[in-house]
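**Q** Residue numbers (this note's numbering), protein chains in the order written: chain P, 587 to 1224; chain W, 8 to 274.
No lab work stands behind these hints: they were computed from the structure.
Computed from a predicted model, the values in this text were never measured in an experiment.
Cβ coordinates follow ideal geometry from the N, Cα and C atoms, glycine included.
Please note that a few of the clues may not be correct.
[Said to hold, decoys possible] Simulated crosslink set (EDC-like; lysine to aspartate or glutamate; CA at most 16 Å straight-line): (1) P/1224 <-> P/1181; (2) P/1094 <-> P/1115; (3) W/135 <-> W/226; (4) P/1090 <-> W/56; (5) P/1054 <-> P/697; (6) P/1090 <-> W/60; (7) P/956 <-> P/1053; (8) W/113 <-> W/44; (9) P/671 <-> P/697; (10) P/602 <-> P/1115; (11) W/154 <-> P/712; (12) P/956 <-> W/165; (13) W/213 <-> W/256; (14) W/135 <-> W/224; (15) P/1090 <-> P/906; (16) P/886 <-> P/929; (17) P/886 <-> P/899; (18) P/956 <-> W/168; (19) P/671 <-> W/156; (20) P/593 <-> P/697; (21) W/135 <-> P/1115; (22) W/218 <-> P/766; (23) P/1064 <-> P/785; (24) P/1090 <-> P/1053.
[To be verified] Between beta-carbon pairs, the in silico distance windows are: (25) P/679 <-> W/209: 32 to 42 Å; (26) W/155 <-> P/905: 38 to 48 Å; (27) P/926 <-> W/32: 51 to 61 Å; (28) P/1049 <-> W/153: 20 to 30 Å; (29) P/589 <-> W/155: 40 to 50 Å; (30) P/899 <-> W/166: 38 to 48 Å; (31) W/211 <-> P/1185: 51 to 61 Å; (32) P/863 <-> W/155: 46 to 56 Å; (33) W/95 <-> P/611: 53 to 63 Å; (34) W/29 <-> P/1164: 50 to 60 Å.
Each chain, written out:
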Amino acid sequence: MIQFESKIPDGPLEDKWENHLEHVRLVGPRNRPSYDIIVVGTGLAGASAASSLAAQGYRVHVFIYHDTPRRAHSIAAQGGINACKNYREDGDSVYRLFYDTQKGGDFRAREANVYRLAQTSTSIIDQCVAQGVPFAREYGGMLANRSFGGVLVERTFYCRGQTGQQLLLGAYQALEKEIEMGRVILYNRSEMLDLVKIDGRARGIIYRDMVNGEIRSIAGEAVVLATGGYGAAYFNSTNAINSNGTAIWRAHRRGAAFANPSFVQIHPTCIPVSGDYQSKLTLMSESLRNDGRVWVPRDKNETRAAEDIPDSERYYYLEERYPTFGNLVPRDVASRAAKVVCDEGYGIGQTGYSVYLDFRDAINQQGADKIGEKYGNLFDMYEEITGESPYQQPFRIYPAVHYCMGGLWVDYNLETTIPGLYAVGEANFSDHGANRLGASSLMQCLADGYFILPQTIGDGLQPMFRDKVDISHPEFAKTEAEVRDRIQRVMSIQGDSTPLSIHKRLGKQLWNECGMSRNESGLRGAIAEIDRLSEEFWTNVSIPGDADDVNPTLERAMRVADFLEIGSLMCRDALTRDESCGCHFREEHQSEDGEVIRNDEDFSHVAAWEWQDEDTEQVRHREQLVYEAVQPATRSYK
Amino acid sequence: MNTSQGESRTSISVTVRVWRQDRGAKKGRFVEYDAVDIPIQASFLEMLDILNETLVEEGIDPIAFESDCREGICGTCGLVVDGLPHGPEQCTTCQLQMRNFEDGAKITIEPFSTGAFPVIKDLVVDRKSLDSVIQSGGYITVHSGPKPEPNSIPIEHEVMEDALDASACIGCGACVAACPNGSAMLFTSAKVNHLALLPQGQPERKTRVRKMVDTMDEEGFGSCRNYGECQASCPKGISIKYIGRMNADYIRATVFDTEKRGEMHAT
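Could you put the whole structure together from the sequences, leaning on the hints where they help?
**A** Below you can see the structure in the form of structure tokens.
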């Protein structure tokens, strides 16, 4: 059975991280080059971790399925990154950022981790500015800030609507430098398909060369997974086309506990679904809610164009229901409110499932130029896709799957339940509880990659000196053979169902039953339906082409096979968490006005699932959450 | 061009003439496919998704093409559509919309292939030569760790906006594919200018521009002859003014730098 030792250091909350650093084991600079560290993924967490570890002197092997590290989906993050610099003197502090994150997450995150995140946040801005990240500046030359949902201060740093791109390019450039120096070896177009364990420890991975289909092994003293979330299980999501959960799922099947799989963030402001053909949903940054106002017509049968509807006949439902936070309530609250008004019949557009996000007032007050400077690229992007200009008429938006708070369980060192296997960024579960605040994922990725993992990884590595293995160890050949068999099995079915069609049907189940609103019978139905889809996949999937060629259909099939298993676990996690909290809205547990009702007595814990085998369901363990600095309160944004 | 305002069509049918090339083959060929009854709100790549899905159903190896974010920011997608990199609009291929095509149109689709971008399969090319240019100097050398307070070095608003215009490059390679000489000057100059505009980028400014320009030549990119096709095809609207400024920086770093005179670049 797995031991859940969170390794939270002793001492007062504000001193824990420093105390920990004073006692963590280190690897000396002269010994570092003899350690091989495998990093999978080069988004913000992976690229920052890999470049930092390489700069310390470790030999780092980086794996990506993209052609270049700069393509990772962190690049698409738009609005900004949080840091409690308190440049605005508006009451921000480490404690305030810590508290906002805990409250935003509906008190389902580990205190010590979240506090460390808030402490580290200011260093991230310093680091990125030194790297040349062009954060917006005011006319006096000082860094500019804006606000995001769920907070009452302005602590978000940004580069127009392309903050993720600029931060990722900073990390990518640092990584490219290390490649040039020979300390990072890049394996591009290489997809991790399994983890190799020797004597209980992660000692390498198996990967597929996506150009010629070869299955290969690599050995190392540690494996770092920075492969992002599994939101693409829903098929329609704001994730990239290739985003997938295979690396973390394969690690789970080798023994890494999977925490809170049902905690998935549905982002309120996305371009609505228009048809079955759609390959992805496009996010419109939360920063738009700084100046945009969300509303629907008060008349369910409204036929007038938005601009012809007078204020008195507009239902600004967020401002009315949540006067203190207004349009800047957290994402879970905003998404659910949109769903509720649309379910009630107030929604607009052909499907009735969208709402307005209106800049009319902001443009009147600040001028179109000023609004263009803040959000220009988002307005242009919306117009490119929909053919409508938000300068003239409101955005039409609806919630879409965006981010996974759940992920691999990690301890304070970011190590999973498999020694030597680490998870950073969205791939782990650690900091956001049951709902993530906007502009906090970039913060967490860079905190993990630049500042936390490089200082904690030595603790597990130090004892490994002179304990190297290489790929001649029989465990590599054995795991390689399992991967080849699995590919062979998928290729040989030659049925009638395309992987895409199965993925879409899985997505529909998850969206309907494990999305913004969940209930027991729906979840049970979804689990049965997903079982049926798995059965169909393994008996009737069809894949043309060869396994030893560029074969995107095969790549998708392997990912869909894992999504089916992930989806099933998500539903079981949602079913067993018999309370509402944050994004996890169980219809059985709501107040009269439709707000979540938490059950701290029974569910103030992390659910961590342990893999058994093909025929036995995972076992649900719990890590109790201990609150010392804050007392969980009923979340109110009214 | 049609836009969605007043759009009465619900679907569109087109014929695509697609470049198909087996992995490892030296030559390829055009193959025609009919994409029938494509929803009018579909994007260009969604049209290819639908076409590919029908090919998979028929057991035919689908057309290999790359894309990832489909939001116009990751730079993965890149197709030459009717002779133009990223097609007729100034956006990435993934942001091209079917409503902007005529019903019954015959659309030719080719890879972003130039000397420095060899074809891997069908429409997929290898653009690692662009990474090599960045590797040679497209960064500011800093380690992770404590840094000076950023507001201790004020940066003028307009300078920062200029740097951001340059750093908006998504590394898609359309500029190279559009250039009759296959030059990567727009790509390289965007990074050189982004970093040269910032105070933090000054210490490595001269070595950076020298190394990046030299690497560009070594990687097989052609020279710039001021055709301006790069700017016209850039989905992020990056200006060729950056090429002029990079040339000035390059001359400063070579000709006017007395210690570096011996290494002067032969042009």
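**Q** Each hint: holds or not?
**A** Structure-based check of all given hints:
| no. | hint | verdict |
| --- | --- | --- |
| 1 | P/1224 <-> P/1181 | holds (11 Å) |
| 2 | P/1094 <-> P/1115 | holds (11 Å) |
| 3 | W/135 <-> W/226 | holds (10 Å) |
| 4 | P/1090 <-> W/56 | holds (13 Å) |
| 5 | P/1054 <-> P/697 | violated (36 Å) |
| 6 | P/1090 <-> W/60 | holds (12 Å) |
| 7 | P/956 <-> P/1053 | violated (60 Å) |
| 8 | W/113 <-> W/44 | holds (14 Å) |
| 9 | P/671 <-> P/697 | violated (21 Å) |
| 10 | P/602 <-> P/1115 | violated (46 Å) |
| 11 | W/154 <-> P/712 | holds (6 Å) |
| 12 | P/956 <-> W/165 | holds (14 Å) |
| 13 | W/213 <-> W/256 | holds (7 Å) |
| 14 | W/135 <-> W/224 | holds (14 Å) |
| 15 | P/1090 <-> P/906 | violated (37 Å) |
| 16 | P/886 <-> P/929 | holds (11 Å) |
| 17 | P/886 <-> P/899 | holds (11 Å) |
| 18 | P/956 <-> W/168 | holds (14 Å) |
| 19 | P/671 <-> W/156 | holds (10 Å) |
| 20 | P/593 <-> P/697 | holds (13 Å) |
| 21 | W/135 <-> P/1115 | violated (43 Å) |
| 22 | W/218 <-> P/766 | holds (12 Å) |
| 23 | P/1064 <-> P/785 | holds (14 Å) |
| 24 | P/1090 <-> P/1053 | violated (46 Å) |
| 25 | P/679 <-> W/209: 32 to 42 Å | holds (34 Å) |
| 26 | W/155 <-> P/905: 38 to 48 Å | holds (41 Å) |
| 27 | P/926 <-> W/32: 51 to 61 Å | holds (56 Å) |
| 28 | P/1049 <-> W/153: 20 to 30 Å | holds (29 Å) |
| 29 | P/589 <-> W/155: 40 to 50 Å | holds (43 Å) |
| 30 | P/899 <-> W/166: 38 to 48 Å | holds (47 Å) |
| 31 | W/211 <-> P/1185: 51 to 61 Å | holds (57 Å) |
| 32 | P/863 <-> W/155: 46 to 56 Å | holds (51 Å) |
| 33 | W/95 <-> P/611: 53 to 63 Å | holds (60 Å) |
| 34 | W/29 <-> P/1164: 50 to 60 Å | holds (55 Å) |
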